[in-house]
Amino acid sequence: MGKMKIKAKEKDGVVKVKAMFKSLMADKEEAEKKKIEAAFITYIVGKVGDKVVFEATTSGFMAENPLIKFSFTGAKKGDELSFTLTDNHGKTVTDKKKIK
Amino acid sequence: MERRKFLNLGLVAAAAVLAPMTNLNAVDFREAKPDAWKAEKSADAIKAMFGDGELKTTDKIKFVAPKLAENGGSIPITLSTDLDIETIALFQDANPRAATIVFSVPEGQKVDYSFRIKMRQTAVVTIVAKAKDGTLYTLAKEIDVSIGGCGG
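Chains A and B are the protein sequences, given in the same order.
Numbering of the first sequence is given in the numbering used here, commencing with residue 13 and proceeding in unit increments.
Numbering of the second sequence is given in the numbering used here, commencing with residue 262 and proceeding in unit increments.
Be careful, since some hints might not be right.
[As the list claims (entries may be wrong)] Ranges between beta-carbon positions, derived for each pair: (1) A/K88 <-> B/G314: 31 to 41 Å; (2) B/D345 <-> A/K63: 11 to 21 Å; (3) A/D107 <-> B/P295: 26 to 36 Å; (4) B/E315 <-> A/E49: 35 to 45 Å.
[As the list claims (entries may be wrong)] The calculated DSSO-like cross-link candidates involving lysine-lysine, where the alpha carbons are at most 27 Å apart (straight line), are: (5) B/K371 <-> A/K63; (6) B/K323 <-> A/K19; (7) B/K299 <-> A/K34; (8) B/K321 <-> B/K402; (9) B/K302 <-> A/K40; (10) A/K19 <-> B/K371; (11) B/K308 <-> A/K40; (12) A/K30 <-> B/K402; (13) B/K402 <-> B/K308; (14) A/K21 <-> B/K371; (15) A/K40 <-> B/K299; (16) B/K328 <-> A/K30; (17) A/K112 <-> B/K371; (18) B/K371 <-> A/K109; (19) B/K393 <-> B/K328; (20) B/K371 <-> A/K23.
In case anyone wonders, no lab produced these hints; they're calculated from the structure.
Please read these numbers as outputs of a predicted model, since none were measured by experiment.
Even for Gly, the Cβ is constructed at its ideal location relative to N, Cα and C.
Model the full structure from these sequences, guided by the hints.
Below, the structure is given as structure tokens:
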């Protein structure tokens, strides 16, 4: 867990974001079947500066390597969009990308 | 400094009083509503997450999902609406637990989310959205799954 790909593009004041988070998203039952450890993202938060622009609580029933598309307003080109992920073990990872 | 401190105290106190009922932003729903994530059935999960409020069926929320999903491991879902939504959540009856994803919509932002979910079998997917004024909207769709995802 940990890697993510972020793409953010601003047009007419609306920032369109595509973000892919690498995670197996294996819930307890699935992990048992595959004989791996349960690993999934539980919480995703996206921020520009201190402002929260995206927030989701997730479970292991999201598809593997969840790809999330969304759009928001209130940011401009060059601003930095950062994502913080929390997984089921409580580990967090942060990555950021400039809005194009 | 004194005055600032005093004001801050007031703000903190006000926030503490208001927090449970109004601003759910910046809340990890897994910590805030642990029961909702354990419920097996959508109905129970919705109750644990949003309370006993009346659910209004709506067509103002756009919920795009395939009628027939060939691969249950990756079902694309799109949610969008112009309503003033505070929280929007997806539940399904296919997997061991119903709650799948809960978005807290930040202040001033519109709902426009695309993502993918896993489903073990054919089941009904329910969307519940809580508007800023507290109204609960819901809509549901059955998705046919030909090959189950989720390791099934």
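Taking only the CA atoms, is the gap from B/K402 to B/K308 under or equal to 27 Å?
-> holds (19 Å)
Okay, A/K88 versus B/G314 on CB: inside 31 to 41 Å?
-> Given range 31 to 41 Å: holds, Cβ gap about 38 Å.
Is B/K328 within 27 Å of A/K30, Cα to Cα?
-> With a Cα-Cα distance of about 24 Å, the restraint between B/K328 and A/K30 holds, given a limit of 27 Å.
Do A/D107 and B/P295 keep their Cβ atoms within the hinted range of 26 to 36 Å?
-> Since A/D107 and B/P295 have Cβ atoms about 28 Å apart, the given range 26 to 36 Å holds.
Could one say that the CB atoms of B/D345 and A/K63 fall in the range 11 to 21 Å?
-> Distance hint for B/D345, A/K63 holds at roughly 18 Å.
Can the restraint linking B/K308 and A/K40 be considered satisfied, given a maximum Cα separation of 27 Å?
-> holds (23 Å)
Satisfaction of hint between A/K34 and B/K299, Cα-Cα up to 27 Å | holds (24 Å)
Pairwise hint evaluation, A/K109 against B/K371, where the allowed Cα distance is 27 Å at most | Within the cut-off at roughly 22 Å; holds.
Given hint B/K371 paired with A/K112 - CA-CA distance at most 27 Å = Distance of about 21 Å is within 27 Å: holds.
Assess, step by step, whether the Cα of A/K21 is no farther than 27 Å from the Cα of B/K371, and give holds or violated.
-> Since the Cα atoms of A/K21 and B/K371 sit roughly 17 Å apart, the hinted pair holds (cutoff 27 Å).
Quick one, are A/K40 and B/K299 close enough, alpha carbons at most 27 Å?
-> holds (12 Å)
Holds or violated: B/K323 with A/K19, Cα cutoff 27 Å?
-> Satisfied, since the Cα-Cα distance of roughly 24 Å is no more than 27 Å.
Hint 19 alone, counting from the list given before, is not met by this structure.
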